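Using the sequences plus the hints, can you model the full thing?
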Amino acid sequence: MATPNTPLWEVFIRSRNGLAHKHVGSLHASDATMALQAARDIYTRRGEGLSIWVVPSTAITASDPAEKGMMFEPAESKIYRHPTFYDVPEEVGHM
Amino acid sequence: MTVANIQVSETPLVLYTLRRADDALILGHRLSEWCGHAPMLEEDMALSNIALDLIGQARELYGYAAKAEGGDNDEDKLAYLRDVRQYRNLLLVEQPNGDFAQTLVRQFFYSAFADLYWRAMMNSRDTTLAAIAAKSEKESAYHLRHSSEWIIRLGDGTEESHARAQGAIDQLWAFTGEMFAVDDSERGLIDAGIAIDPATLRDRWMKTVASVVTEATLALPQNNWMQQGGRFGRHSEHLGHLLSELQSMQRTFPGQTW
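Line by line, the protein sequences give chains A and B.
Residue numbering for the first sequence follows this note's numbering, starting at 1 and increasing by one per position.
Residue numbering for the second sequence follows this note's numbering, starting at 96 and increasing by one per position.
Read the hints as simulated data drawn from the structure, not as lab findings.
Take the hints with a grain of salt, since some may be wrong.
To give an idea of the chain B side of the interface with chain A (calculated C-beta under 10 Å), a few residues [to be verified]:
id, residue
1, 138
2, 144
3, 145
On a predicted model such as this, the values are computed, not experimentally measured, just so you know.
Glycine included, every Cβ here is placed at the ideal spot set by N, Cα and C.
Spelled out as structure tokens, the structure:
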């Protein structure tokens, strides 16, 4: 429905008790002010948030899905990086 | 039309409340006509949100009008069982949606007034009206911001959007004077501190409107002749068509609920 020259924006909302802004979706708007208004109208209708960020989608640099193997598989074999890998001695109690 | 119209005892307070309720309902209904038809999904949602704010305001005002009247009427009867001549809304709000520019200019003229009006009404001696004002004020403030930003972009946009926005301003300007009119029945409420005198809002309204219109590279008409009549039930030909759609269910299936 949007015309091709209406830029795309990514919307981030910080909820009432959330600490960080979380990505909730995207929308079309002519500029930042209009994007913020549209984000309010589309993504906070049910009291979802107390703060909104909008970012031009073109400002995002994304990893290439084709490089998934090279990027993420090497981490899978290093289970010692998870704290659950280690046994905590009884005497330590709750950490 | 199979159900008879109700009669309303229009004491000054009932009439005053009914006029504001009718403004909100009719403008809310007009905006709801965009649902599924707006130029982009984002604005479809925005206009529907504004419509719901206004219909919410209308419900509270109708409820209070019915209570003040103290008879058998309730909010549904007031909305669904009065005919055109019994409606008391401003001519401005019943004007057809036209194109997107006409809808936004109509909204802008009204919201610039409603924003000031509800803020002032928070000091009403009538505690119910003051409470309704406190809730409506935040909604109207956002409606004003939304429509202002659009007027600026339509006016300062393309040749086409500029021409359409200017056309809408020229067409709707004559309906703005009615917002500031006061009759004898309202004068008494103003003196009693229940209503505010809209004439006191006019300079600030003009300042807001002029600054947005100037930023939008648009111009206000020099013509100051103003059309009136809505407050007394003398409406344009458009309201009857609107009401026939708005009221068709209750007129066909009286008392139907879901």
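Verification of the hints:
Hint on residue 138(B) holds. Least Cβ distance to chain A is approximately 8 Å, under the 10 Å limit. Given the 10 Å rule on beta carbons, the hint for residue 144(B) holds: about 5 Å separates it from the nearest Cβ of chain A. For residue 145(B), the interface hint holds, since its Cβ comes within 10 Å of a Cβ in chain A; the closest pair sits about 9 Å apart.
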